[in-house]
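Trainee: This is what each chain is made of:
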Amino acid sequence: MIEFKSVSKLYPDGTRAVDDFSVVIPSRKTTVFVGSSGCGKTTLLRMINRMVDPTDGVIEIDGDDIAKTEPVHLRRGIGYVMQNSGLLPHRRVIDNVATVLFLNKVPKPQAYARANELLDTVGLDRSLAKRYPGELSGGQQQRVGVARGLAANPNILLMDEPFGAVDPIVRVDLQAETMRLQRELDKTIVFVTHDIDEAFLLGDQVLILEKGAKIAQQGTPEEILANPASDFVANFIGADRGKRRLTVDSKVKPRGDDLVLIDAGGYAAGVISAPDGKLATGTASPKSRSISNKTSQAGDA
Amino acid sequence: MNLIIEGFAWIFDPAHWTTSSTSQGISEAFVQHIILTGISLLLTVLIAVPLGFYIGHSGRGRQVAIISSNVARAVPSLGLLTVLILAIPIIPGIPNNYLAYIIVFVLLGIPPMLAGAYAGLESVDRETTDAARAVGMTEWQVLTKVEIPLGASLIVGGLRSTTLQIVATVTIGSFLGQVSLGTFIVDGLEQGDFVKMIGGAILVAALALVLDGILALVQRFVVPRRVSRGSIDTGNTAHGMRLRASTPGTPITEGN
Amino acid sequence: MQWVWENFPQIWALTLDHIGLSAPPIVIGFVLSIPLGYWASRSRVARSILLSVFSILYTLPALVLFVTVPVALGLAILDPNNVIVALTIYAMAIMIRSANDAFGSVSADVRESARAVGYSPVQRFFRVELPLAGPVLLAGIRVVSVSTVSLATVGGFIGIPSLGNLFQTGFQIHFFPELWAGIVAVLIVAAVFDLILSGLGRLLIPWNRRRTRRRATRMVAKEVIA
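Chains as they are written, first to last, in the working numbering: chain S, 1 to 301; chain E, 1001 to 1256; chain L, 2001 to 2226.
With the rest of the complex left out, here is chain S (with noise of 0.2 Å):
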C-alpha cells in the first residue's frame, strides 16, 4: 500500500504542482492518475520513488516514510516505466532489461537468465536480446521498457505515459498486455495518462486530476461514470459531449435479438442483444486479481 498524507510541491520559481494531497492506493491493483498535462499527475508519479521530493507532507509505503530511505536502494525496488522507454541506446536489450540485476549486484550469468525469461514475459522474442534499442520499433522498445521495469521483481511498478508516443494499433496491444501481466504477476500498478479510454480500460481505481493534482474525482471507473462529480469531470470523460451515454435507435428495426445503440450525436456506435425485449445484463469484471484471498507478507506494497 502507498499512502500520500498531505503532500505538497511548492517549485522555486513558485508554481505549485501539487497541493495537499492525499489519497490511499491499494496493493496489487492498478491505480490510473488522469488528467490534462501539466496537472502534477507525473510529479505524483515521481515522487513515489523519489525522482521528486515533496515539499510538505509523507509518502509511505507500506507504513514506512519513504523520505527515509535512500533514494538509489528505494528506486532499485521500484519498477519504473516512461514515456520514450528511457533505454540507454548504447547497450543492447538484454543488458538494458538487466541494467537493475547488475545494479543490484546479481552474478551476470543469473542476470542475463532472469533477463530472458522477462522478454518472454514481455512478450518479445529473445532473438531480439542481441539488438540495440535504436534497431527496435516503438512498441518493442516500449515492452523492453517494462521489461526493465519489472527486472528486479518489484511490488511497486511505475508507469509513466508509458504507451504516450506509440501508434493507436499497438498502444491497443501494450494495453492488453499491461492487463495480462498485471492478472499474472499481481504487482502494485500506479499508471499515469491522460487519455481516460486508457485509465477506463486499465484502472481498478481512477483519480481524475485538476491543475495542481487537485483530485476531480476518485473511484473505479464504473462509479464515476454512472455519476460524475463535477461539469469538469463529466467533460473530460465525455459524458457531456454525448460519447458515452447511448440511446437504443427507435428508427432502426432489431435485427435478431440485436438492437443498435446511437450516442447523443445521433450516430451509431454498438448493439446490445436484447432477447424478448429485455435488454441483456453483465457485471462489470474486476481488472486486478483480488487480494482477499492472499494473506499480507512483508514488503507488499
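Take these hints with a grain of salt, some might be off.
[Said to hold, decoys possible] SDA-like mimics (lysine to any residue), calculated; alpha carbons at most 25 Å apart, straight line:
id	chain 1	residue 1	chain 2	residue 2
1	S	K105	S	D95
2	S	K68	E	W1140
3	S	K211	S	A229
4	S	K130	E	R1060
5	S	K130	E	V1223
6	E	K1145	S	T69
7	S	K108	E	S1027
8	E	K1145	S	R92
9	S	K108	S	L119
10	S	K130	E	V1142
11	S	K108	E	I1148
12	S	K214	S	Q83
These aren't lab readings, by the way, just hints derived from the structure by calculation.
Position chains E and L against the provided structure of chain S, taking the given hints into account.
Mentor: Same frame as chain S, but now just chains E and L:
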C-alpha cells in the same frame, strides 16, 4: 609550388636535423614541441575534464563555461602569450622559461576542453539520464555508465580542439624565443630563407595532422556502436546529421 | 593610459589595418559558405567532401597557412592578401558547417509544404529556407567574426600591419601598456563587429526570439567543439 618541394628536401636533409652553433636542428625542436604540447595537454585535461564533467552533470556554472569559452575565442592568443611570458618570472632550475609557456598553453587549452567535456554530457538525452536514475543508478554511475559513454564523441572532440590549439600556440611561441617547430618558420621569415620557412610549416602541419588523425580514430572508436545511427534519438534530424557528418573527423579549434 | 593617448594615431592606424585585414574574410567567407553549405545540406557526397577538406585546412595552425598561402598563390610574402585568403579559409571552415546545419535544421515538412503551396525552387530558397536558417547562420557568423579578428593579430608578427604589431614591439621592449592596449583594441574591434552582426540579425531576422537564438548558439557551439 617549387618551394614546397624544396621544403620537403630541406626536411629530408640530415644536416638540418642536428643543432649546430649557427642553426637549430629539427630533432631538438621536434622534441621540444612534443614535450611542451604533452605536458600542457596533460595539465589541461587534468584541470578541464573534471570541471567540465561537474558542470555538465550538475548543470551548475554553465554560464561561466560559456562565457569563458567565448572570451577565450576573442582574446588573441598571441597577446596573452606576450603579456604572460613577460609577467611570469623565470624560475631557476626550470629550463627555458618553461613554466611561463606551459601556464599560457594550459590557459589557452582549457576552454575548448572544458566546453567539450560539458557539452558532451549535456548532449545526452535528458530522458536517458532520467531513466538511469529511475532504475536506481547513483549519480556516479549515471556519470560513468551513461553520460560519459554517450557524450564520448564530443568529449574527445574537445580534446582534439585543445590539442590543435596547443600545437598552434606552441608554434606561435617561437616568435617569443621558445624553441619548437615554429622556430624554423620564424627564423626562415627573418633570414629570408623561405625554403626553411616552408620546411618548418610542413613539419608543423604534419604534426597537427598526425595528432588530429590519431584522436579522430580514438573519437570514432569511443562512440558506442549504433548510437551514432541516431534512430533512438527521437530528436531533430540536424543532430543525427551532425553525428554522421562529424564521424570522419572534423574538429574546429579556436583562435589558432 | 598616457601611452595610449600619446600613440593614439598609430593605434588607430593599426586598428584600421586590422579591420581591413579581418572584415573581408568574414564577408567573403560568409558569402561563399552559403551556397556551399546549402549544397552540403542537400548532398551527402558534397557534405563529406566539403567538411573533410575544410576541416583538414582548419587543422593547420594559422602561422602555417599564413606562410604557405603566398607560396601556393605565388604572392609576395608580405602581401596582406595572404592573410585575407588564409583567414577566409578558416572562416569558411566554420561557416560551411554552420550553414550545413542551418539548412539541415529546416524541417522537411516545411520544405514540402512550401513546395505544395507552389513556391519555385528559387523562391523556396530565398523566402523559406534562407530565412528559417537565419538564426543558425547568424550564430555561425558571429563565431567566425570573433575568431577572425583574434587570428588576424598573427599577421603582425609576419610583417603585415595589424594590431598584432603592438604585441611584437611591446614584447621586444618589455612594455606592458602597449601589450594591454593591443589586447583591448582587439577585443573592442571584436565587440564592435559582434554588435554590427547582431544588429543586422535583429533587423533581418526580427522573429529570432530568445529561445531559437539560444538553441542556434548551442548548435554552433557544439559544432565548434567537434
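Trainee: For each hint, tell me whether it holds in the structure or not.
Mentor: How the hints compare with the structure:
About 14 Å separates the Cα atoms of K105(S) and D95(S), which keeps this hinted pair within 25 Å; it holds. In summary, the hint linking K68(S) to W1140(E) is supported, as the alpha carbons are separated by about 21 Å, within the 25 Å threshold. A hinted pair counts as satisfied when its Cα atoms are at most 25 Å apart, and K211(S) with A229(S) qualifies at roughly 16 Å. Taking the CA atoms of K130(S) and R1060(E), the gap is about 37 Å. The hint is violated against a cut of 25 Å.
A distance of roughly 18 Å separates the Cα atoms of K130(S) and V1223(E); the hinted pair therefore holds under the 25 Å criterion. For the proposed pair K1145(E) and T69(S), the alpha carbon gap of about 24 Å is at most 25 Å, so the pair holds. Between K108(S) and S1027(E) the CA atoms are separated by roughly 52 Å; this puts the pair beyond 25 Å, and the hint is violated. Restraint check for K1145(E) and R92(S): the C-alpha separation of about 14 Å stays at or below 25 Å, so the hint holds.
Distance check on the hinted pair: K108(S) and L119(S) sit about 16 Å apart at the alpha-carbon level, within 25 Å; holds. Of the supplied pair hints, the one linking K130(S) and V1142(E) holds, its CA atoms being roughly 23 Å apart against a limit of 25 Å. The straight-line distance between the Cα atoms of K108(S) and I1148(E) is roughly 23 Å, inside the 25 Å bound, and the hint therefore holds. Under the criterion of a C-alpha separation no larger than 25 Å, the hint pairing K214(S) with Q83(S) is consistent with the structure, at around 23 Å.
Checked against the numbered hints given earlier, the structure breaks hints 4, 7 and satisfies all the rest.
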